[in-house]
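Asker: If you want this note's numbering, it's the 1-based position in the sequence shown plus 28.
Bear in mind the hints are in silico, worked out from the structure with no lab data behind them. No false leads were mixed into what you were given.
Capping the alpha-carbon separation at 25 Å, the derived lysine-lysine pairs in DSS-like fashion look like this: (1) Lys145 - Lys132; (2) Lys59 - Lys34; (3) Lys145 - Lys59; (4) Lys145 - Lys55; (5) Lys34 - Lys145; (6) Lys55 - Lys132; (7) Lys34 - Lys132; (8) Lys34 - Lys55; (9) Lys77 - Lys34.
Label pairs and their in silico Cβ distance ranges: (10) Asp103 - Gln78: 29 to 37 Å; (11) Ala105 - Lys77: 36 to 44 Å; (12) Met57 - Pro110: 18 to 26 Å; (13) Tyr108 - Thr70: 37 to 45 Å; (14) Gly98 - Gly71: 33 to 41 Å; (15) Thr123 - Pro60: 23 to 31 Å; (16) Ala106 - Arg75: 37 to 45 Å; (17) Asp129 - Met32: 15 to 23 Å.
Note that the coordinates shown come from a computational prediction; the quantities given were computed from them, not determined experimentally. Note that the Cβ used here is the ideal one computed from N, Cα and C, for glycine as well.
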Amino acid sequence: MVRMFKPQFAPLVQSGEKRQTVRPTPKRMPKPGEPLSLRTWTGLPYRSKQRVLRETTVAEVRGIRIDEQGVTLYDGAAGYAPNQFNFAQADGFPTWADMRDWFKAQHGLPFTGILIKW
29 MVRMFKPQFA
39 PLVQSGEKRQ
49 TVRPTPKRMP
59 KPGEPLSLRT
69 WTGLPYRSKQ
79 RVLRETTVAE
89 VRGIRIDEQG
99 VTLYDGAAGY
109 APNQFNFAQA
119 DGFPTWADMR
129 DWFKAQHGLP
139 FTGILIKW
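Construct all of the structure, not just a fragment, from the sequences and the given hints.
Answerer: In structure tokens, the structure reads:
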């Protein structure tokens, strides 16, 4: 399974600082143990080559909701709120407010999707 990253996140994925990604719910759900190729475009998306940042395996997949108040992770029907600061840092953001603002600008809030950890 290939996951592409915007240039702002590429160094964080490559260095290991970014250890997860939040994505819209895909048609085919990733499963723990599956191989995962994390990549970025070398230039314009779809008009340039892809550069591999890291080869790894899926460790965990959970449902997620992000809104103005915070993050809720779902394990089945039960939801729980992780530490917002630690969660934002694991996703490559310096603060929870930075993460919230990025998701608001990119996807709108509330956002629902999946969390993929490696």
